[in-house]
Amino acid sequence: MAASAASSSWRQPSVLPGLGLSLGITLTALSLVVLIPLAALFIKAASAGPAEIWAIATSPRTLAALRLSFLGALFAASINAVFGLILAWVLVRYEFPGRRLVDAAVDLPFALPTAVAGIALAAIYAPNGWVGSLLAPYGIKIAYTPLGVMVALIFIGLPFVVRMVQPVLEESQGDIEEAAALLGASRLRTIFTVVLPPVMPALLTGFVLAFARAVGEYGSVIFIAGNVPMVSEIAPLLIVIKLEQFDYAGAAVIATMMLLISFALILLVNLIQARTRRKLGDV
Amino acid sequence: MSRPTIRRLAQAGLILGAFSVCFGVVAGARAQTSELLNVSYDPTRELYREINAAFIAEWNAKNAKKITTIRQSHGGSGAQARTVIDGLNADVLTLALAGDIDAVAERSKKLPLDWQKRLPQNSSPYTSTIVFLVRKGNPKAIKDWGDLVKPGVQIITPNPKTSGGARWNYLAAWAYAEKAFNKDDAKVRDYIGKLLANVPVLDTGARGATTTFTQRGIGDVFLSWENEAFLALKEFGEDKFDIVVPSLSILAEPPVTIVDGNVDAKGTRSEAQAYLEFLYSPKGQAIIAKNFYRPRNPEAADPKDIANFPKVDLVTIDAVFGGWAKAQPTHFGDGGTFDQLYKPAR
Amino acid sequence: MSEATLPDRATNLAAPAARPRTARRTGAEGPVVQLLLITVSLAFLLLFLLLPLISVFVEAGARGWAAYREAITEPDAVAAIRLTLLVAAIAVPFNVVVGIAAAWAIAKFEFTGKNLLISLIDLPFSVSPVISGLVYVLLFGAQGYLGPFLKANGIEIIFALPGLILATIFVTFPFVARELIPHMQALGSTDEEAALTLGASPWRVFFAITLPNVKWSLFYGILLCNARAMGEFGAVAVVSGKIRGLTNTMPLHVEILYNEYMGAAAFAVASLLAGLALVTLALKSLLEWRYGDAIAAARRH
Numbered sequence: 001m002a003a004s005a006a007s008s009s010w011r012q013p014s015v016l017p018g019l020g021l022s023l024g025i026t027l028t029a030l031s032l033v034v035l036i037p038l039a040a041l042f043i044k045a046a047s048a049g050p051a052e053i054w055a056i057a058t059s060p061r062t063l064a065a066l067r068l069s070f071l072g073a074l075f076a077a078s079i080n081a082v083f084g085l086i087l088a089w090v091l092v093r094y095e096f097p098g099r100r101l102v103d104a105a106v107d108l109p110f111a112l113p114t115a116v117a118g119i120a121l122a123a124i125y126a127p128n129g130w131v132g133s134l135l136a137p138y139g140i141k142i143a144y145t146p147l148g149v150m151v152a153l154i155f156i157g158l159p160f161v162v163r164m165v166q167p168v169l170e171e172s173q174g175d176i177e178e179a180a181a182l183l184g185a186s187r188l189r190t191i192f193t194v195v196l197p198p199v200m201p202a203l204l205t206g207f208v209l210a211f212a213r214a215v216g217e218y219g220s221v222i223f224i225a226g227n228v229p230m231v232s233e234i235a236p237l238l239i240v241i242k243l244e245q246f247d248y249a250g251a252a253v254i255a256t257m258m259l260l261i262s263f264a265l266i267l268l269v270n271l272i273q274a275r276t277r278r279k280l281g282d283v
Numbered sequence: 284m285s286r287p288t289i290r291r292l293a294q295a296g297l298i299l300g301a302f303s304v305c306f307g308v309v310a311g312a313r314a315q316t317s318e319l320l321n322v323s324y325d326p327t328r329e330l331y332r333e334i335n336a337a338f339i340a341e342w343n344a345k346n347a348k349k350i351t352t353i354r355q356s357h358g359g360s361g362a363q364a365r366t367v368i369d370g371l372n373a374d375v376l377t378l379a380l381a382g383d384i385d386a387v388a389e390r391s392k393k394l395p396l397d398w399q400k401r402l403p404q405n406s407s408p409y410t411s412t413i414v415f416l417v418r419k420g421n422p423k424a425i426k427d428w429g430d431l432v433k434p435g436v437q438i439i440t441p442n443p444k445t446s447g448g449a450r451w452n453y454l455a456a457w458a459y460a461e462k463a464f465n466k467d468d469a470k471v472r473d474y475i476g477k478l479l480a481n482v483p484v485l486d487t488g489a490r491g492a493t494t495t496f497t498q499r500g501i502g503d504v505f506l507s508w509e510n511e512a513f514l515a516l517k518e519f520g521e522d523k524f525d526i527v528v529p530s531l532s533i534l535a536e537p538p539v540t541i542v543d544g545n546v547d548a549k550g551t552r553s554e555a556q557a558y559l560e561f562l563y564s565p566k567g568q569a570i571i572a573k574n575f576y577r578p579r580n581p582e583a584a585d586p587k588d589i590a591n592f593p594k595v596d597l598v599t600i601d602a603v604f605g606g607w608a609k610a611q612p613t614h615f616g617d618g619g620t621f622d623q624l625y626k627p628a629r
Numbered sequence: 630m631s632e633a634t635l636p637d638r639a640t641n642l643a644a645p646a647a648r649p650r651t652a653r654r655t656g657a658e659g660p661v662v663q664l665l666l667i668t669v670s671l672a673f674l675l676l677f678l679l680l681p682l683i684s685v686f687v688e689a690g691a692r693g694w695a696a697y698r699e700a701i702t703e704p705d706a707v708a709a710i711r712l713t714l715l716v717a718a719i720a721v722p723f724n725v726v727v728g729i730a731a732a733w734a735i736a737k738f739e740f741t742g743k744n745l746l747i748s749l750i751d752l753p754f755s756v757s758p759v760i761s762g763l764v765y766v767l768l769f770g771a772q773g774y775l776g777p778f779l780k781a782n783g784i785e786i787i788f789a790l791p792g793l794i795l796a797t798i799f800v801t802f803p804f805v806a807r808e809l810i811p812h813m814q815a816l817g818s819t820d821e822e823a824a825l826t827l828g829a830s831p832w833r834v835f836f837a838i839t840l841p842n843v844k845w846s847l848f849y850g851i852l853l854c855n856a857r858a859m860g861e862f863g864a865v866a867v868v869s870g871k872i873r874g875l876t877n878t879m880p881l882h883v884e885i886l887y888n889e890y891m892g893a894a895a896f897a898v899a900s901l902l903a904g905l906a907l908v909t910l911a912l913k914s915l916l917e918w919r920y921g922d923a924i925a926a927a928r929r930h
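The listed protein sequences derive, respectively, from chains A, B and C.
Counting from 1, position 9 in the first sequence corresponds to residue 9 in my numbering; the numbering is continuous, with no gaps.
Counting from 1, position 22 in the second sequence corresponds to residue 305 in my numbering; the numbering is continuous, with no gaps.
Counting from 1, position 23 in the third sequence corresponds to residue 652 in my numbering; the numbering is continuous, with no gaps.
Careful: at least some of the hints might be erroneous.
Not the full set, but computed from the structure, chain B residues with beta-carbon under 10 Å of chain A [stated by the list, open to error]: (1) Ile350; (2) Arg390; (3) Thr445; (4) Gly500; (5) Ala584; (6) Thr620; (7) Asp622.
Calculated directly from the structure, the hints in this document are not laboratory data.
Cβ coordinates follow ideal geometry from the N, Cα and C atoms, glycine included.
Based on the provided sequences and hints, a complete structural model is requested.
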């Protein structure tokens, strides 16, 4: 592993000790827990053969499930981007009773187990639940429709946007806003031309993170989605169904597709942050 | 440079090794006890809770080797078969249909392919059937299978791909349609397609579907195991739901078997065998009837329990579909009739 | 591409800590707009975050205190609680050791492939929990690549404790490292270099300088890691086998009770998990309020 490259050319010299030890632990654990198991997934998917992989990947049901997972996540992340931005703005700029409590509550989806969230959401948004019963008379159904999937995805994704945007808003100084106001810009114009542009990279990162998390979400969704093939069946559920039909290769193919897309998303986040950093000349 | 690096790598290995030892110790610390694991399908939770208590009492009174616990695992029938194939060490399998145990036999090779011949009556100590559960007063006037395809009727059934009960539902509907349309294949398919189009929620297991119908208030009619329907009446009150018995239904035979590979490895064959035989005993049959399953030997049960069961015209899977080995791939395999008929959905 | 781009998010996730304690400036919007925005935010939070939480506790108490107590003290529930604690007690320390090691390597050294390493550490975060369970089934299941070998040697991984632990480690893998890396990067290594020059041993430098410097980030990481480890559902469901009293963790037990028409009992166990979530948040907030300045100072360092 790393030792073979100990000729020093792969690293810059440093006074500090412990690179071998720390990198060794990291790489061993990473390989055992993450990389080797993921390799097994790829091997399994590849064992299906190109024709079958293509057939599974392009079957209408797979496409419908992936479409729901990705479009649903996209929609939920968009909602979160809008409301998360407003929420972060309110938390940073305004003073109101219970602000700190609200601030702490934003992290709830990080800490609340997804299965618990799913059951609770299903109970609230079902036609006989607290919120569902208010909407039912108007013919609006949330639980057991694609809308239910959105509700669950919005729940789990919210903290990402708020927590990304908050510190940037904290740092943005009022001076420029005041200057803009003095120069005669309207408040709305000031917000769109002065306040929002520096927030955009953080907002985008939060959006992508909420999106990436939502695409793979399972625990909270299955309780509230109708799980109807082609309509409200998410991709992770399709993987479970394939698995339970003993179709290991099929499950592995869909899992691999999701994995590759997720990894691409992570790289995208990397890129956004790297560009921002260069532009701001930070660190 | 290279020497310390190698030493550090070795240290890293040691630290992780210590963790692995922790794993090993924990894994090895599990005590050797004579306990059984019954891997079962969704609706049998209440049944086996009662059976287990009765069997343990009877066995421990007669035998020197005591059984401490009978552990239970429940889920969709197909899902449970999958976990056993993947290595769950079940002593006995009590699933919703023979096809799932066939799959275990084929893939895990832990039991003979002719397992179903080993116990009386197709290895099924009880039978059940599919009935309709409707909301009190039957507001949509659902009397028979034909009423299910009316526009505006919402049907709750689990997903046949993952639930055994749902496969019985599907085949019962198919059997009705074959009879009603005189085996006109196009009309049968049309009927099933319309029926599926009326399903708003497909849960993965029978229990999830029951919850959706009873507690979440979704749907007008729930295609249900007979026992599950009775249980829903018992749990949620007879003033909420009615049971509707269709003109024709299917004779469901949920089979049981020991998993030879596992019981031999664990040395629990005699207990496991006795456990399954207990299901056929008068005491077992009485408990079965009490939990709303139809006992093979009605004389053993409380007549009051037997009186619960309505008379239904029952067809068998062997007569109409040529057995599970044929029905499974035709209807529920990849690209089977279920996949074909579900496609046009919305 | 600059290193450690993604983990920046970690600083941000724990961001309230870094909030300058300057006087809060009221925005330039009119009071009506302010009120409107506050109302919208609170309504949104109420609808999506607070109602589910409240409903858990309401449903849990629906059948009274005695029923609640019985639900969380019956043997299967106790076994589930014990198993969940055991899994977290092994998975979290593992991730702490690995997370510290990873942060040390990444923050203190420059080497090729660092960006790739960071992305790989972050990978489990965006992998669907179902896939995290699936990979272990493919590897260790009876039909899996290592299945025959494990069986021949009598080693149980899937449907036993090791499988639950592995799946939990997988899903919580990035949490500690992600908190530590940006903090250690921001701190730099001058302190450590100085101590080494003065003759301190490497381990002493680590325990006396590095660890105390990052203790708050480490604590955040552990809190989040622990919350996720105890609450994980999807990954654990695939590898558990759901044997009551044996391989049934608390989130799985919630699902089982829910499926047995024991709604109140299900929500009772769920309320324990929700309580854990609240304690986690309370601890986190408490730290931020009490030590906010110190943490912010350390981070701005």
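- Violated constraints from the hint list, given by number and in increasing order: 1, 5 and 6
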